[in-house]
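Visitor: Sequence:
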Amino acid sequence: MPKPIRVVVPIDSHDPQAWKYGLAYALKIGAEAEPPAQDYILLTHTKQQLKSTSLAGHVGTQAAKALLANDSIRLSNGGHLRHATLQTLRGSGRRAVIIAYFAEDKMLETLDGLDLVAGIVAIPEFPRHAENWIARWNPVVHGQPQKSAPAPLIADPVVANALTALSSWINLSHAIMNPRDKGHADETLRILRAKGHALVPDQIKSWAIRNGWKPGAADELAKLAERIEALTSKPRLSGFHDPDGKYERWKT
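Read in order, the letters of the sequence shown are residues 1 to 252 in full-length UniProt numbering.
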């Protein structure tokens, strides 16, 4: 299955137009999927948001009641829309188009970890809440021209090369790093820090997710980078095998 289609609708989430455009994009993605999507998911942080926020009015009173009761509603294209939260979504998004309402980093990172999703339409509560996701994936942003290619997430080519090498050594299918993989990550980051390279945790996490890491493992990598970047002195490399040789390969 191809990579999911990603869209951001940066309209005030309390404006009825946000839901209107979000649903329209979802239906378009579903129609173009192969096979066409039949499962559409409205994702919010809590079920309560279906009746305590303006979203209930956007969706419609009867539709909101049905979704609250865990029923699905039939869409104009014959597909069905159901509701989920981050706790109930789990692995149920396969081949679905997900409308992430009141989206922010945690929600979007969770969606990045799902397999076989047809598409994601993010409607952030505030536009800045989707900035990291936009930088990571270069999605379609409603009302803005599409960029030809995403910008590099890490400007330092040596750091990017080192992370590429690290990605080839570890098991990217794991949700969290095992001790062996964490050891490789620690060594890589310590060599970079010792050689004078800056480690920016948010950039490293976003780079890792874009390059196939599961969000949980990418978060661990970012936290490790944060700890190593905060060291008051350069790390010692004497316990590592051929750190200078590895570093020279990253420079080429």
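Careful: at least some of the hints might be erroneous.
Listed below are the simulated DSSO-like cross-link pairs for lysine-lysine, each with C-alpha atoms no more than 30 Å apart in a straight line [said to hold, decoys possible]:
#1 K147 / K182
#2 K182 / K223
#3 K195 / K3
#4 K251 / K214
#5 K106 / K28
#6 K147 / K65
#7 K65 / K20
#8 K3 / K28
Label pairs and their calculated CB-CB ranges [what the hints assert, rightly or not]:
#9 G60 / G196: 26 to 36 Å
#10 G245 / S54: 57 to 67 Å
#11 Q62 / P157: 47 to 57 Å
#12 N77 / E248: 53 to 63 Å
#13 Q38 / R90: 12 to 22 Å
#14 R227 / P127: 12 to 22 Å
#15 R227 / F126: 25 to 35 Å
#16 T85 / G183: 31 to 41 Å
#17 T232 / A155: 23 to 33 Å
#18 L68 / A155: 40 to 50 Å
#19 K147 / S54: 46 to 56 Å
#20 N171 / H80: 13 to 23 Å
#21 Q17 / A155: 28 to 38 Å
Hints are computed from structural coordinates only; laboratory data are not their basis. All of these numbers come straight from a predicted model, not from anything done at the bench. From the three backbone atoms N, C-alpha and C, an ideal C-beta is built for every residue, glycine too.
Visitor: So does Q38 sit 12 to 22 Å from R90, Cβ to Cβ?
Guide: holds, 19 Å
Visitor: When you check the alpha-carbon spacing of K147 and K65, does it fall within 30 Å?
Guide: Judged against 30 Å, a Cα distance of about 39 Å means the pair is violated.
Visitor: CA of K195 to CA of K3, is that 30 Å or under?
Guide: It is violated: about 36 Å lies between the C-alpha atoms, which goes past 30 Å.
Visitor: Is 25 to 35 Å respected by the C-beta to C-beta distance linking R227 and F126?
Guide: holds, 30 Å
Visitor: In this structure, is the beta-carbon distance linking G245 and S54 contained in 57 to 67 Å?
Guide: About 59 Å separates the Cβ atoms of G245 and S54, which means 57 to 67 Å holds.
Visitor: For T85 and G183, compare the CB-CB distance with the range 31 to 41 Å and indicate the outcome.
Guide: Between T85 and G183, where Cβ atoms are some 36 Å apart, the hint holds.
Visitor: For the range 53 to 63 Å, tell me whether the beta carbons of N77 and E248 fit it or not.
Guide: Because 56 Å falls inside the window, the suggested range holds.
Visitor: Honestly, do R227 and P127 meet the 12 to 22 Å range at C-beta?
Guide: violated, 31 Å
Visitor: Measuring from beta carbon to beta carbon, are Q17 and A155 in 28 to 38 Å?
Guide: With a Cβ separation near 36 Å, Q17 and A155 satisfy 28 to 38 Å, so the hint holds.
Visitor: 23 to 33 Å was suggested as the range; check whether the CB atoms of T232 and A155 agree with it.
Guide: holds, 25 Å
Visitor: Would you say the C-beta atoms of Q62 and P157 sit inside 47 to 57 Å of each other?
Guide: Holds: the Cβ-Cβ distance is about 55 Å, inside 47 to 57 Å.
Visitor: With the threshold set at 30 Å, check whether the alpha-carbon distance from K147 to K182 stays at or below it.
Guide: violated, 35 Å
Against the hints set out earlier in the document, violations occur for numbers 1, 3, 6, 9, 14, 19, 20.
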